[in-house]
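Chains as they are written, first to last, in this note's numbering: chain F, 82 to 210; chain B, 983 to 1305.
These aren't lab readings, by the way, just hints derived from the structure by calculation.
Keep in mind that a hint or two might mislead.
[To be verified] When the alpha-carbon atoms are kept at most 20 Å apart in a straight line, the in silico SDA-like pairs for lysine to any residue are as follows:
(1) Lys1281(B) - Asp118(F)
(2) Lys1282(B) - Phe124(F)
(3) Lys1281(B) - Leu178(F)
(4) Lys1281(B) - Arg112(F)
(5) Lys1261(B) - Asp117(F)
(6) Lys1281(B) - Ser122(F)
(7) Lys1281(B) - Thr116(F)
(8) Lys1261(B) - Leu115(F)
(9) Lys1282(B) - Gly146(F)
(10) Lys1281(B) - Leu115(F)
(11) Lys113(F) - Ser1289(B)
(12) Lys1282(B) - Val109(F)
[Stated by the list, open to error] Quick partial rundown of chain B residues pointing at chain F, CB under 7 Å, derived from the structure:
(13) Gln1277
(14) Lys1281
(15) Ser1289
[To be verified] Computed beta-carbon distance windows for the label pairs:
(16) Asp1095(B) - Pro147(F): 43 to 49 Å
(17) Asn168(F) - Pro1168(B): 46 to 52 Å
(18) Asp1219(B) - Asn104(F): 39 to 45 Å
(19) Asp125(F) - Trp1144(B): 38 to 44 Å
(20) Lys1261(B) - Glu201(F): 31 to 37 Å
(21) Thr1274(B) - Asn209(F): 28 to 34 Å
Note that beta-carbon positions come from the ideal geometry of N, C-alpha and C, so glycine has one too.
Here is what each chain is made of, one letter per residue.
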Amino acid sequence: MHIMEFGSAKTLYEELGGEAAVNAAVDVFYRKVLTDDRVSSFFDDVDMDRQIGKQRAFLTMVFGGPVAYTGKDMRQGHAHLVARGLNDSHVDAVIELLGESLREVGAPEHLIKRVADIAESARADVLNR
Amino acid sequence: MPTIEFDGRKYHLAEQESVLDALLRNGIQAAHSCKAGSCGSCLMQATQGPVPIRAQAGLKDSWKTQGYFLSCVCRPEGDLSIGKVGADAQLGATITLLELLSPDVLRVRLRCDGRIDFRAGQYVTIVQEGGLARSYSIANLPDEGELELHVRKIAGGRMSGWLHKGAVVGDRVSVLGPSGECFYVPGTPDQPLLLAGTGTGLAPLYGILRDALRQGHRGPIHVFHGALHTGGLYLVDELRRLASLHSHVEYTPAVLNGEESDAVAVGSIDQVVLKRFPKLSGWRGYVCGDPTLVQMLKKKLFLCGMSSRDIYADAFVPAAQPS
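Work the whole structure out from these sequences, hints included.
Take a look at the structure:
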């Protein structure tokens, strides 16, 4: 294991650039999910501002930032989508679009991998398994 | 369930009941209109007890600290003592002008009894003596010392019916506000601006246009105004005059039904806007008017590349139907 000097370890969120990185990625990501036929119907809320807010919270979470969602929150928050047919293929597509978005705003591959891992860890809760 | 104390009496709230609904249920004449936390006409003041954050969303900080809250979206978790808002939240005002801009749209000018700080594009709520309240966008600039509102005649509408038919210059109303985040923000004078709206959604856009020009905006400004037919367009000559006076201002009236001509585009406003500007990255947009249209147009502008933070909107929420 690589030992870092105490105090020099940056969190993933800090390495990505914190809130500024969320701001840079949120429009790119939301535009992608809104125009991708595989998943757009799950994101096409009437109220765009509310959706942008949700995507901002999602990105903050998968960037390892300061949001504290519990597994229960994730289950409750997605239950209505699971009822509408949300399944593994949709989660795959969202993680793919998340990676594309991060590449587009210039995030390095090793950090994109870590973001994808965090998103992956929420899969069972999101799909209510 | 918590209780509310008002005018020396206590009232019990039902499950999930708002403060406004509890007062109305008990026969108290409480001013209200949209019942959705946006018009501000149900504003009240808490003198004791905790006010939920949701009930103060969008209020000025100075009002929050004084305990002002919107009773229609206030579902308290503890007992609350409340009162009607003080005179400092409402201003008396006198009607100084009533002028038809089109068969359906009336220009109303009001002179307030005291100073009112506003930005063109924000909205105020007009309250009649009996408590009837409606919100209207501000179409003019603060230095004119008056408020200009554009009031569309609505079938069966009580406030618009009164202003169009019964009201005369010199009549008195109260003014609440202003509120709203849809106004010109200086700081990016070269950014292209897109102003799009239907019906009296033109009122805030006209105010924002004039504010941008006054503040020396240099980037292109495109105004799109949509109506069902040409009779629904108004301020046409005035907007043409501004466009010929300022080379960076362009004005496009659009109608849903009618003949295409050099002067007027035909089509829904989103079609007309996106045909003219299919790529909008780097632009700032202002969208006002009918709520369905506003939500739809915001999304289309976003998908054409406009940043979500550059989209300002004011959806005109209709008054709740009397129950």
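Each hint, compared with the structure:
1. Between Lys1281(B) and Asp118(F) the alpha-carbon distance is near 16 Å, which keeps this suggested pair within the 20 Å criterion.
2. Our distance criterion of 20 Å between C-alpha atoms is met by Lys1282(B) and Phe124(F), whose separation comes to about 14 Å.
3. This hinted pair checks out: Lys1281(B) and Leu178(F) have alpha carbons roughly 19 Å apart, not beyond 20 Å.
4. Of the pairs offered as hints, the one joining Lys1281(B) and Arg112(F) holds, with about 9 Å between alpha carbons and a cut-off of 20 Å not exceeded.
5. Of the pairs offered as hints, the one joining Lys1261(B) and Asp117(F) holds, with about 19 Å between alpha carbons and a cut-off of 20 Å not exceeded.
6. The suggested pairing of Lys1281(B) with Ser122(F) holds, with an alpha-carbon distance near 14 Å, which does not exceed 20 Å.
7. Taking the CA atoms of Lys1281(B) and Thr116(F), the gap is near 11 Å; set against the 20 Å cutoff, the hint holds.
8. Taking the CA atoms of Lys1261(B) and Leu115(F), the gap is near 17 Å; set against the 20 Å cutoff, the hint holds.
9. A threshold of 20 Å between alpha carbons decides the hint, and for Lys1282(B) with Gly146(F) the separation of about 30 Å lies outside it, so the pair is violated.
10. For the given pair, Lys1281(B) sits about 9 Å from Leu115(F) by alpha-carbon distance, which is consistent with the 20 Å threshold.
11. A distance of roughly 13 Å separates the Cα atoms of Lys113(F) and Ser1289(B); the hinted pair therefore holds under the 20 Å criterion.
12. Straight-line distance between C-alpha atoms of Lys1282(B) and Val109(F) comes to about 14 Å, which keeps the hinted pair within the 20 Å bound.
13. Of the supplied interface hints, the one on Gln1277(B) holds, with its beta-carbon coming within about 5 Å of a beta-carbon of chain F, less than 7 Å.
14. Hint on Lys1281(B) holds. Least Cβ distance to chain F is approximately 5 Å, under the 7 Å limit.
15. Given the 7 Å rule on beta carbons, the hint for Ser1289(B) holds: about 6 Å separates it from the nearest Cβ of chain F.
16. Under the hint 43 to 49 Å, the C-beta atoms of Asp1095(B) and Pro147(F), about 47 Å apart, fit the expected range.
17. Separated by about 49 Å at the C-beta atoms, Asn168(F) and Pro1168(B) satisfy the suggested range of 46 to 52 Å.
18. Between Asp1219(B) and Asn104(F) the C-beta distance comes to about 42 Å, which sits within the given range of 39 to 45 Å.
19. Checking the proposed 38 to 44 Å range against Asp125(F) and Trp1144(B) shows it holds: the Cβ atoms sit about 40 Å from each other.
20. Take Lys1261(B) and Glu201(F): their Cβ atoms lie about 35 Å apart, and the range 31 to 37 Å holds.
21. Checked against the given bound of 28 to 34 Å, the beta carbons of Thr1274(B) and Asn209(F), roughly 32 Å apart, stay inside it.
Figure legend: structure checked against the earlier numbered hints; the only hint not met is number 9.
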